[in-house]
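Trainee: Use these hints to put chain B onto chain A, whose structure you have.
There are 2 protein chains.
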Amino acid sequence: MLAFDLLKTDPDSHARRGTLTLNHGPVQTPIFMPVGTYGTVKGVMPRSLEEMGAQIILGNTFHLWMRPGLDVMQSFGGLHGFEQWKKPILTDSGGFQVWSLGAMRKISEEGVRFASPVNGDKLLLTPEVSMQIQAILNSDIVMQFDECTPYDTNGHITTEDEARKSMELSLRWAKRCQAEFTRLENPNALFGIVQGGMFENLRQESLDQLVEMDFPGYAVGGVSVGEPKDEMLRIMAHTPHRLPAAKPRYLMGVGTPEDLVEGVAQGVDMFDCVMPTRNARNGTIFTRWGDLKIRNARHKTDHQPLDTSCTCHACAGTSGVSWEQGGREGFSRAYLHHLDRCGEMLGPMLTTIHNLHYYLNLMQEVRDALDAGQFTAFRAKFKAERARGV
Amino acid sequence: MLAFDLLKTDPDSHARRGTLTLNHGPVQTPIFMPVGTYGTVKGVMPRSLEEMGAQIILGNTFHLWMRPGLDVMQSFGGLHGFEQWKKPILTDSGGFQVWSLGAMRKISEEGVRFASPVNGDKLLLTPEVSMQIQAILNSDIVMQFDECTPYDTNGHITTEDEARKSMELSLRWAKRCQAEFTRLENPNALFGIVQGGMFENLRQESLDQLVEMDFPGYAVGGVSVGEPKDEMLRIMAHTPHRLPAAKPRYLMGVGTPEDLVEGVAQGVDMFDCVMPTRNARNGTIFTRWGDLKIRNARHKTDHQPLDTSCTCHACAGTSGVSWEQGGREGFSRAYLHHLDRCGEMLGPMLTTIHNLHYYLNLMQEVRDALDAGQFTAFRAKFKAERARGV
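Heads up: the sequence lines are chains A and B, in that order. For the first sequence, position 255 (counting from the first letter as 1) is numbered 295 according to my numbering, and the numbering increases by one without interruption. For the second sequence, position 204 (counting from the first letter as 1) is numbered 244 according to my numbering, and the numbering increases by one without interruption.
Hints in this document: simulated from the structure, not taken from any laboratory. Here the structure is a predicted model, which means the values were calculated and not measured. Treat the hints with care, since some could be wrong.
The list treats identical chains as one, so a pair stands whether inside a single copy or across any two.
As the list claims (entries may be wrong) - Below, a list of computed lysine to aspartate or glutamate pairs in the DMTMM-like style, where the Cα atoms sit at most 20 Å apart:
#1 K340 / D111
#2 K82 / D380
#3 K162 / E149
With the rest of the complex left out, here is chain A (with noise of 0.2 Å):
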């Protein structure tokens, strides 16, 4: 099931408030939701996820049918079980990883014929596989197979043409998806992914066909692929907004903080990215006021947290209460870089709760801005207060 309540919408941009409902409970958009690649979102416990307020976090089909495979997740019932989540998941295609193979695989019509990183298997991705394997996983929000067009192929840039035969492939495999899905009488949603590369009618046309086939939500895939910084803001700009107002937008693998405020603006209701989690294991924290690098001999001595606005459990400890607020229960950056100085696991394990709750607390000041009416304000605000620095 999937129901999507549309709760406000910002007069001064493409910005909304919705209630997004699934088989797993309800999601307050806007919302980040964290890559759990394989059944876990990297360095960080399902307990300390709900403890930070997110609501859905990812799954990769593609990872999960090679570790642990479909037999182990069959005998929990699904990904739900397996890693101990109990809010929504949505997983991903695998359409994205095994385009990433490069020369280990070959795409045709049919599907893509790879072999497994794993094991060394040959192997054979379709849509109806996809969809079977998403099935089994039993997600909340299951993601047609596509393919993901490249911005650019060992220095090609992707021609209109090219990107126009991927796209049309794209539209072809989510009929199929659609068959599959409906065929397998699975009782989650499926999302179509709007392709087109670079090129704004190319989106147009693969929006348009996708909404005739009438999907219950819809996502814009093929960003965040390289590409320079100003072309995913113009796409950004052209496709989310004319998605169908009354249905959920996702926006694949973006980003940056400033990514999601802009794309909040666009019309965007849902992001994930491997950016806080990734970038907590290599010391870099995002904060209210600028990002940090914990490794940075500055913070040798500093008594302060991360941030000092922050009520995560690494800036506040079990109080709850920010630095700001008196609290002097938190991890200083004087022992988060001592962590990571001596390489011991729990640097990564703080710094990832403070990434992730900064990401998931940012989306939660969106949806207060939203809801008060204050959209315009905060983000002058959220602008202001990110070129402070740290």
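Mentor: Frame of chain A, contents of chain B only:
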């Protein structure tokens, strides 16, 4: 300060039940102390340690002296504030670590000269310096600086003459530690360490002279240093129960669950060991029914938690209800096997929680048995259950 109240003694063994009161609070004995070398018990958050009932943890003087260094420690007023742990801390003297540097260090009457493994600086660790560092760390229990007599050196088993010289050096250093600890007006408690290698007569001499110096607590050092198990058990049977009954007794660096229960029977009150945390990271799990290797393929589809009787977060989730009691919120062996196979951080995070909980809960069961006057029956049950197999 240190107060030790002996609550109960077992009529059939040397086992005792006590309460140790330190500057940062009380500790119920017998107790296991998780090891937090660099100011973090590897892979686990302070809040998780509290939830699983940890009452006191260790810090390593040598490591913390090297990184983050004394300036940082001093600015935090000690180790507690730096690592956000509010309960008692015990620090070792650094003696074992400098001794472990092998060719990199030179031992003299004055102390140990060595090159910093972090930056190559030429350093000198003496009884006085160890006391000064531990005063800055503000640990509740300070260990004397000693020479850990090796069992063998490159295959040469330590002779009685060598063990005597080493033991006598440690005794002279014990006096210097006591003088410096007093001069520093350290408000915490200093423990003396019995040495003497594998020789009962030397152990007795060491013990007698340390008792004469009237420390508030005593440790047995120089065991679990590579000697055969029966040698360790021989010293464990000789020394602990000969220490003053009114003072706490700490067996350093020991050991397996079986060693802990045997140690309690021999009159030991306090234990520490890296085994639960290190083994967790290597996928070796302690359970009531024996040990388990999570990498073993037989766990691939097993829905049971690591230990069906366990209430830790890994085995029982947020419910705290064990599998045996009908709880189904825990993480399965299949899931933990998968995390291990994929190299996901959540694997060691959960197995570390489990193994530490196992050790801490074992000591809780030991204390309960002693309180109930059932220690002999407990030992038999413990042995039978561990032998059953997982």
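Trainee: Indicate, hint by hint, whether the structure satisfies it.
Mentor: Okay, the hints, checked on the actual structure:
1. Taking the shortest Cα distances, K340 and D111 sit within 20 Å of each other only across copies (10 Å), while inside one copy they are farther apart (49 Å).
2. Proximity of K82 and D380 under a CA criterion of 20 Å is satisfied in both settings, with 17 Å inside one chain copy and 13 Å between copies.
3. Only within a single protomer do K162 and E149 lie at most 20 Å apart by alpha-carbon distance; the minimum there is 18 Å, versus 69 Å between protomers.
Every hint from the earlier list agrees with this structure, and none is contradicted.
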